[in-house]
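**Student:** Taking the hints into account, I'd like the entire structure generated from these sequences.
Given next are the chains, with one letter for each unit.
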Amino acid sequence: MSRPYGATSASDRAPADRAGLTDPATIVFSEAQLAEVRRLQSLYPEPRGALLPVLHMAQETFGHISLDVEDYVATLFGLSPAHVHEVVTFYTLYFREQPGRHIVAVCHNLSCHMAGAPKLIAHLKQKLGVDPGETTEDGRVTFLTVECLCACEAAPMAQVDDRYELNLTPEKIDRLLGELR
Amino acid sequence: MAEIVLMRNFSNTDSHTLGAYRAAGGYAAWDKARTMEPGAITEEVKKANLRGLGGAGFPTGAKWSFIPKNHTGPVYLVVNADEGEPGTFKDRYLLERDPHALIEGMLIAARAIRSTKGFVYIRGEYVEPWRRFSAAVKEAYDAGLLGQGFDVVVHRGAGAYICGEETGLLSSLEGKKGWPKIKPPFPAIKGAFGQPTIVNNVETLCCVPPIVSRGAEWFAGLGTKTQGGTRMYSVSGRVKKPAVYEASVSITLRQLIEMAGGVSGTGRLKGVVPGGGSAAILTADEIDVTMDVDGLKNVGSMIGSAGVMVMDESVSIPEALMVLARFYAHESCGQCTPCRESTGWIYKMVHRIVEGHGHKDDLDTILDVAKRGAGTTICAFYDGAVGPYVSYIEKFRGEFEALIPHA
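Protein sequence lines correspond, in order, to chains B and C.
Once you know that position 78 of the first sequence is 77 in numbering that gives the first Met the number 0, the rest is easy, because the numbers rise by one and skip nothing.
Once you know that position 359 of the second sequence is 358 in numbering that gives the first Met the number 0, the rest is easy, because the numbers rise by one and skip nothing.
Take the hints with a grain of salt, since some may be wrong.
As the list claims (entries may be wrong) - List time: in silico DSS-like cross-link candidates among lysine-lysine, alpha-carbon distance up to 30 Å:
hint, chain 1, residue 1, chain 2, residue 2
1, B, Lys-118, C, Lys-370
2, B, Lys-171, C, Lys-239
3, C, Lys-370, C, Lys-394
Stated by the list, open to error - Residues from chain B that keep clear of chain C, each with C-beta distances beyond 10 Å, as calculated:
hint, residue
4, Glu-45
5, Gly-48
6, His-55
7, Asp-67
8, Glu-85
9, Leu-127
10, Ala-150
Bear in mind the hints are in silico, worked out from the structure with no lab data behind them.
Beta carbons are placed, not taken as given, at the ideal position from N, Cα and C, and that holds for glycine.
**Tutor:** Listed below in structure tokens is the structure:
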């Protein structure tokens, strides 16, 4: 199962390629990844254009974007850590703390709301024992409510890791949860 | 039966592949366009009355003609595939089912504006559309369609509605938080990385190959006097057959709801959002309006991204506004004070009204704050929030008052 959101063009790397999660000394890309960083930087008129893609890569590799990861990415761009921090905290898909092994993000915007998203969210709260924004104690699932994912024709819906799961019912959600390890 | 232009290839399960696209006549428009003078392409698009389909409805040919003629440096073409307007899902279909139509549209547009580099900004949540589109770009490179004077970079966003605003998108593309920029200068003069840039929506560019192949007059004739073509309507909410529908821009909202199987739930219509979450709501008496840019402007709403959300009589309008107000509070980028502060406070007030704790003056306070802030911010985000705040309350005031103790 691939990491949510973090898929990049280097998304097929083996798990062995993952560096440590918390120790700053281990926050370093492999040579192949550094080559990919340079390739991405060369695609833009200014290397900084590659900041979002490289942050996606960093999240995929290190699990989340800690302050240490921000510092490391800043050095790859010659940017201030403050700039990278500002960017990381602006966007919703960068996790600043380690999320669960799976992300279940339920849309709660208007069409999903009309189609029963509140019931679905209540069901998930009860089933997972956590509120939106929290991770189950076993680290299996991070449960989020999110704004329109633009699949309103199949409301209510959710994004489970990188997949859109459509026309959800509590029963269907239970089945999906059962498949997450 | 209206002509199907944009969704012509959707029924073919291989429509996303180069082989299928070519077999259906794809890239013939590019073959024609490459023999045309750049200015002639722009003139054709102008005559076709193509207007931007991402939200603003600006005439596409006119936008292209704003690139300074004497500019000698790079010119960029940026595709806005940061679809995020509540109730809209058309670009997702185009990216997944007809990615080569977009690439062909980009090739033609790039020739018109003399650009050698294009960026496609796809919202970060769109993983499958990104994979499909990236695969199509690779096919186009392998076939020599790209890389021969025009390069395409596929760029993934990271979750922020505001990056669908064109200058916010450019900030994000430049490796910054997605704060919109003050206009002027407009992107056509000073855009991505400080260079002249045209930002077009996915669907807009997908209209370009058919215009070149079949001619501006044909395309203009599909629509109204001031807007040519068909477009893709995302229809959701309380209809029997929620889906994306292609129809002329001259279709009425009533006809479109019928196309989607009619109203579900109680079967009785209460209100409709005609153009994405940021459009003013229309009541059941206001749906004989045509779905072109000017038609909806004339009734005080907007076609926006053509995301149609239908509400039957059982839907609570205050609750619907609370959901949208939460969205605006969450997505305000925080740059301009009126937007940052008002979206947060208005959400809190609508929320307490829905919870039964509203104060007597709340509705007037919301209307006052909303109207005062309109037009005072850098981008159109806040105006897009004011549309629902004001229209939901003014058109359904009784429903709000019924929830407020001692109102």
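**Student:** Which hints from the list above does the structure break, by number from lowest to highest?
**Tutor:** The structure conflicts with hints 1, 4, 5, 6, 8 and 10, although it agrees with all the remaining ones.
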